[in-house]
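Asks: Each chain is listed here by its residues.
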Amino acid sequence: MSNVPADLRYTKSHEWVRALGDGTVEIGITDHAQHELGDLVFVEVPEAGRTVKADEPCAVVESVKAASDVYAPIAGEITAGNPKLAAEPEMVNADPYGEGWLMRLKPSPGALAAAALLSATEYQKVLDAEGG
Amino acid sequence: MAFIPHTEADVAAMLAAIGVARIEELFDEVPAELRVKSLAGVPEALNEMEIGRLMSERAHSDGIALSFLGAGAYEHHIPAAVWAITTRGEFYSAYTPYQAEASQGTLQLTYEFQSMMARLTGMAVANASMYDGASATAEAALMAVRANRKSRSARILVPLTLHPHYRRVASATAANQGLKFEELPYGAQEGITLPDALARYETEDITALIVPQPNFFGRLEDVDALTDWAHAHGILVIAVVNPTALALLKPPGEWGARGADIAVGEGQPLGVPLSSGGPYFGFMTTRMEYVRQMPGRIVGRTLDAAGKEGFTLTLQAREQHIRRAKATSNICTNQGLLMTAATIYLSLLGPQGLTRTAAAAHARTRELVTALTRVPGVRPAFTGPCFHEAVLQLDRPAAPVLRALAGRGIIGGLDLAGYYPELGNALLVCATETKTSADIERYRAALSEALQSVRAA
Chain A
1 MSNVPADLRY
11 TKSHEWVRAL
21 GDGTVEIGIT
31 DHAQHELGDL
41 VFVEVPEAGR
51 TVKADEPCAV
61 VESVKAASDV
71 YAPIAGEITA
81 GNPKLAAEPE
91 MVNADPYGEG
101 WLMRLKPSPG
111 ALAAAALLSA
121 TEYQKVLDAE
131 GG
Chain B
133 MAFIPHTEAD
143 VAAMLAAIGV
153 ARIEELFDEV
163 PAELRVKSLA
173 GVPEALNEME
183 IGRLMSERAH
193 SDGIALSFLG
203 AGAYEHHIPA
213 AVWAITTRGE
223 FYSAYTPYQA
233 EASQGTLQLT
243 YEFQSMMARL
253 TGMAVANASM
263 YDGASATAEA
273 ALMAVRANRK
283 SRSARILVPL
293 TLHPHYRRVA
303 SATAANQGLK
313 FEELPYGAQE
323 GITLPDALAR
333 YETEDITALI
343 VPQPNFFGRL
353 EDVDALTDWA
363 HAHGILVIAV
373 VNPTALALLK
383 PPGEWGARGA
393 DIAVGEGQPL
403 GVPLSSGGPY
413 FGFMTTRMEY
423 VRQMPGRIVG
433 RTLDAAGKEG
443 FTLTLQAREQ
453 HIRRAKATSN
463 ICTNQGLLMT
473 AATIYLSLLG
483 PQGLTRTAAA
493 AHARTRELVT
503 ALTRVPGVRP
513 AFTGPCFHEA
523 VLQLDRPAAP
533 VLRALAGRGI
543 IGGLDLAGYY
553 PELGNALLVC
563 ATETKTSADI
573 ERYRAALSEA
583 LQSVRAA
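Going line by line, the protein sequences match chains A and B. Residues 1 to 132 (my numbering) make up the first sequence, in order. Residues 133 to 589 (my numbering) make up the second sequence, in order.
Mixed in with the good hints there might be a few duds.
When the alpha-carbon atoms are kept at most 25 Å apart in a straight line, the in silico DSS-like pairs for lysine-lysine are as follows [said to hold, decoys possible]:
1. A:K84 with A:K106
2. B:K458 with A:K65
3. A:K53 with A:K106
4. B:K440 with A:K53
Far from chain A by the CB rule (all over 12 Å, computed), these chain B residues [unchecked claim]:
5. H138
6. G319
7. E334
8. P512
9. A531
10. T566
Honestly, the hints are just simulated from the structure, not real lab data. Yeah, the Cβ is synthetic: ideal placement off N, Cα and C, and Gly gets one too.
The whole structure should be built from the sequences, with the hints applied where relevant.
Replies: Written as C-alpha cells, this is what we have:
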C-alpha cells in the first residue's frame, strides 16, 4: 500500500504538487512511482530559469532498470532543481515527499487553475485501478 | 535449405491471428510513391564460382597502386597477428553478444578498448565504439545538445576545416532533430580556424564548437585557444581527432584550461585495412559528468557475488531496449569486430610503437612535401605545422594531373576542387610510415612528368 498524503495534489503520471504559500509549488514523484522504479542511481533535475509547458518532460529519474521522464504538472518557470539529488539520488526513494523533491516552479498566470490535478482520494483511485 | 525459422503455415497462422490477408498489407502505411517497384540496375544473381571470378578480375584491374591518398582513411602497416587473432572464432562477431555477461572475454576486451581510448584522448570514460568517425561526430553534436543545459539554441559551430563528409553526415543526421550547424571560415594563409571567425558569436547562445585536430588539411588547429574561448562563453567543445596523431599531440582532455568535453574520431587507422569506404569504426570519449548523455554501450568492471572481478554492460537504462523512442541514441550494437582489431593493434604496438608510427608518418609527410614542392609549379598551400597530410597548390587543375599519375600506378591524393573551390588547384596529399624515400622519389618524378604532359596537352 503506497503512502498518499492527503495535503498534496497529484497527476496520473505519478507526480505530486505542494503549494509552498509564496506563489510557487514544489514537485516530486510519488511513493508509488519510486517503488515501481526501484533504487534510483541518477536524477536529472531542470535548471532554474527554464520555462516549461504543462506535460513537458523536464526531469529524468534513472534506476538500474529504467530511466523515466518526469512531466511538468503545471506550466511555469523553474525556480529551483533539488541540488542534493546529484550526489544523493536515493533520497527520492527514502523520502519522496520531503527531501526527495525534484523541482520548484512558479506557475504561469492561470496555469495552476488550468492544471488537471487530482486530490489524494482521486489519485488513490488511479493506483487502485492500476492494481497498486 | 533456407535458414528461415517460419514455415509458410506459421506465417499464414500469424497473419490469420491478426486479421491480415498478406504480408504486403503490413507495409500499407508506407506511401506508394516511396515504395521501390523494381531494383533497376541490380543484375541477375551469380553463383559463388561466377562471383569469385568477377571480383578477382576487378581486383586485378585495380592493380597495386602506390597511394598518397588520405583524407580520412589512412594506410598503415597492420601486424599480421592483428587479424589472425581478431578472426578467431571466440571473437568473430560484429555484435555485442546476447546474454553479454556470459561472454566475459568479449566484455573484457571491450573494457580494455574503452580504457585505451580514454587514455589516448585524456578523457574519463569511453563507449564501446560507434559506426565511424562521421556518425560519431553527428552523435557528439546531439549529445552536446543534451549535455549543455545552459544553452537552448542547439546551434553548433562547425569549422570548414572539418572533413566535408563529416559535415554532411552531421547535417543529415541531426538537422531534422532541430540542430543548426553554422560554418566557420578558415584563414586563407594558415588553413586553420582563426579567432576572428569566432568573435561574432561571443554574445550569442551557442551549444557547442567542433574542433578537428589535425584538421582536414592536415594542419594543426590552435586547440588551446579555441577550447578556452568556447568555455569562456558557456560552449561545449567537441574534439574530432585522429587516434594515431594523439600519440604525439596533446590529448583533448588537456586542451586549454579545462579540456574538451567530448572527443570522437575515426578508428580506422588503428589496425583496420583500407577498403571502399568501410566497414570502419568510430570512437567516443567524454567527461564523467556527461556519461549518462553518451550514446552506445559501455562495459564496466565490477565484482560478482563471490567477490571475484568480472565485466558487465552498464548504464543501459537509457538505451533503446529499455527507453524505446526516448533512448539517448538509436545506436545499439557497435563495430565490435573492428574495435577488437583496434584493441589488438594497440596492444601489439604499445604506446612506444604508436608514437613511432605517428612520428614516422609525420617525418614522411615532411619529406614528401619537401620533395614535391621542388617540382616547378608546385607550392605548399598553407604555412604552419601539419601531422601527416598537407595541401599543395598546383599551377594547373589537379584532376588531369591525378589521371596522369594514375596511369603511372600512383594515387596522387585528393583533388580539393569539388570541396574547396576557393583554394583553386589544390591537392591534398598524405604519407604514412608505409612510404619509403624511394616511393617519394617515384612520386616526385612522376608528378614532374605529369605536370609537363598536362602542360603540353
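Asks: For each hint, tell me whether it holds in the structure or not.
Replies: Do the hints match the structure? See the list:
{"no.": "1", "hint": "A:K84 with A:K106", "verdict": "holds, 20 Å"}
{"no.": "2", "hint": "B:K458 with A:K65", "verdict": "holds, 15 Å"}
{"no.": "3", "hint": "A:K53 with A:K106", "verdict": "holds, 12 Å"}
{"no.": "4", "hint": "B:K440 with A:K53", "verdict": "violated, 49 Å"}
{"no.": "5", "hint": "H138", "verdict": "holds, 32 Å"}
{"no.": "6", "hint": "G319", "verdict": "holds, 37 Å"}
{"no.": "7", "hint": "E334", "verdict": "holds, 21 Å"}
{"no.": "8", "hint": "P512", "verdict": "holds, 48 Å"}
{"no.": "9", "hint": "A531", "verdict": "holds, 52 Å"}
{"no.": "10", "hint": "T566", "verdict": "holds, 46 Å"}
Figure legend: structure checked against the earlier numbered hints; the only hint not met is number 4.
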